[in-house]
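Novice: Sequence:
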Amino acid sequence: MRRISILDRSRTREGHPAPQALRDTVELARAAERLGYHRFWVSEHHSVPGVAGSAPAVLAAAVAGATRRIRVGTGGVMLPNHQPLVVAEQFGVLESLFPGRIDMGLGRSVGFTGGIRRALGRDAQDADRFEEQLAELLGWLDGTQREYPEVHARPAEGLRIPAYVLATGEGAGVAARAGLPLVVGDLRSRSRVVEVVERYRAQFRPSPAGSEPYVMVSGTVAVAGTPEAARRILVPEAWSLAHSRTRGSFPPLRPAEEVEALAMTAKERELYEGGLAGHVHGTEEQVAAQLAEVAELTRADELLVTTSTYDRTALLDSFERLAGLAGA
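In UniProt numbering, the protein residues as written are 1 to 328.
If you're looking for bench data, these hints aren't it; they were derived computationally from the structure.
It cannot be assumed that every hint is accurate.
Said to hold, decoys possible - Restraint ranges, calculated between C-beta atoms of paired labels, are given here: (1) Ser54 <-> Gln286: 29 to 39 angstroms; (2) Ala209 <-> Arg154: 35 to 45 angstroms; (3) Pro149 <-> Arg23: 25 to 35 angstroms; (4) Thr113 <-> Arg30: 32 to 42 angstroms; (5) Glu257 <-> Arg30: 21 to 31 angstroms; (6) Pro208 <-> Glu270: 47 to 57 angstroms; (7) Val151 <-> Phe112: 24 to 34 angstroms; (8) Asp142 <-> Glu228: 47 to 57 angstroms; (9) Asp142 <-> Ala266: 51 to 61 angstroms; (10) Pro251 <-> Glu150: 42 to 52 angstroms; (11) Gln286 <-> Pro208: 37 to 47 angstroms; (12) Ala288 <-> Val86: 27 to 37 angstroms.
Small disclaimer: the values here were computed from a predicted structure and weren't measured.
We put the beta carbon where it would ideally sit given N, CA and C, even for glycine.
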């Protein structure tokens with residue numbers, strides 16, 4: 001893959017409240033720039049106890065202000081949660097402040113519970129309007145929207161802000177029809193990723209945004225001095241996922257040693273082990289081989305890494321090792 005980038009989900013950690021998670025995201029962005037990563041993206045989640053990143057455009061501004069060269073964007077703004085005009089204005093401000101560095105990653109998900117959707121003034125069916133909303137948003141940027149005469153998205157109108165579509169559900173077809181780059185994950189389901197990518201390439205229509213398909217594959221990658229140490233990087237997130245699926249709450253990340261000492265029910269153990277399986281992890285040599293396999297399978301242009309863990313030192317070491325072996 002020609003490029004490697006990072007998506008940070010601003011995961012909270014036990015004993016470290018949400019404000020610290022946001023500061024950790026900004027610090028990781030600085031490290032990513034120093035290590036030569038191509039872009040650094042932030043995510044959007046609402047009312048999730050273990051995630052601090054609820055306002056991606058605001059967080060992207062903080063990241064861009066703390067860095068100088070790395071591209072900064074969202075992975076992504078969930079467009080059904082917002083009015084396209086407001087999204088256009090937000091990214092117009094970002095691009096005006098940090099010209100040539102802003103990416104607009106867009107997804108079609110809505111709040112994952114009924115209560116969140118009601119609080120946002122949305123319902124599950126709003127996801128079905130994603131393609132329509134995307135066209136409106138792009139129209140605000142290039143000045144071609146006609147539904148609201150005499151209304152302009154300032155300062156966005158006329159600015160070139162690259163848009164990317166996250167492939168959730170029908171996202172791949174939407175990206176192909178709009179002629180936009182595709183972001184697809186995760187690497188635990190590689191056959192599904194390959195199927196989505198192939199469909200996108202087959203349906204792609206050239207557009208002002210690009211004459212050829214562009215594919216970013218997203219997934220968790222953990223690199224360490226030993227396979228065991230790399231696996232331990234994955235432990236906190238795997239347990240958090242298992243906990244959420246058995247108890248209905250997505251908790252902050254706990255230290256790996258605490259998780260490994262827990263007594264788990266059979267169902268928790270099954271989900272936990274499943275959460276550990278399939279990710280790209282190991283020593284530099286092992287990860288290089290796995291990434292070569294992913295590149296051959298997907299023919300992706302870029303890798304977007306989404307790793308989260310409790311131990312920030314181990315996480316930074318993993319990103320350093322990955323940058324070294326990938327030539328980021």
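Novice: If a hint holds in the structure, say so; if it doesn't, say that too.
Specialist: Hints and how they fare:
no.	hint	result
1	Ser54 <-> Gln286: 29 to 39 angstroms	holds (36 angstroms)
2	Ala209 <-> Arg154: 35 to 45 angstroms	violated (21 angstroms)
3	Pro149 <-> Arg23: 25 to 35 angstroms	violated (44 angstroms)
4	Thr113 <-> Arg30: 32 to 42 angstroms	holds (34 angstroms)
5	Glu257 <-> Arg30: 21 to 31 angstroms	holds (28 angstroms)
6	Pro208 <-> Glu270: 47 to 57 angstroms	holds (48 angstroms)
7	Val151 <-> Phe112: 24 to 34 angstroms	holds (32 angstroms)
8	Asp142 <-> Glu228: 47 to 57 angstroms	holds (52 angstroms)
9	Asp142 <-> Ala266: 51 to 61 angstroms	holds (55 angstroms)
10	Pro251 <-> Glu150: 42 to 52 angstroms	holds (49 angstroms)
11	Gln286 <-> Pro208: 37 to 47 angstroms	holds (42 angstroms)
12	Ala288 <-> Val86: 27 to 37 angstroms	violated (43 angstroms)
Of the numbered hints given earlier, the model fails hints 2, 3, 12; all others are met.
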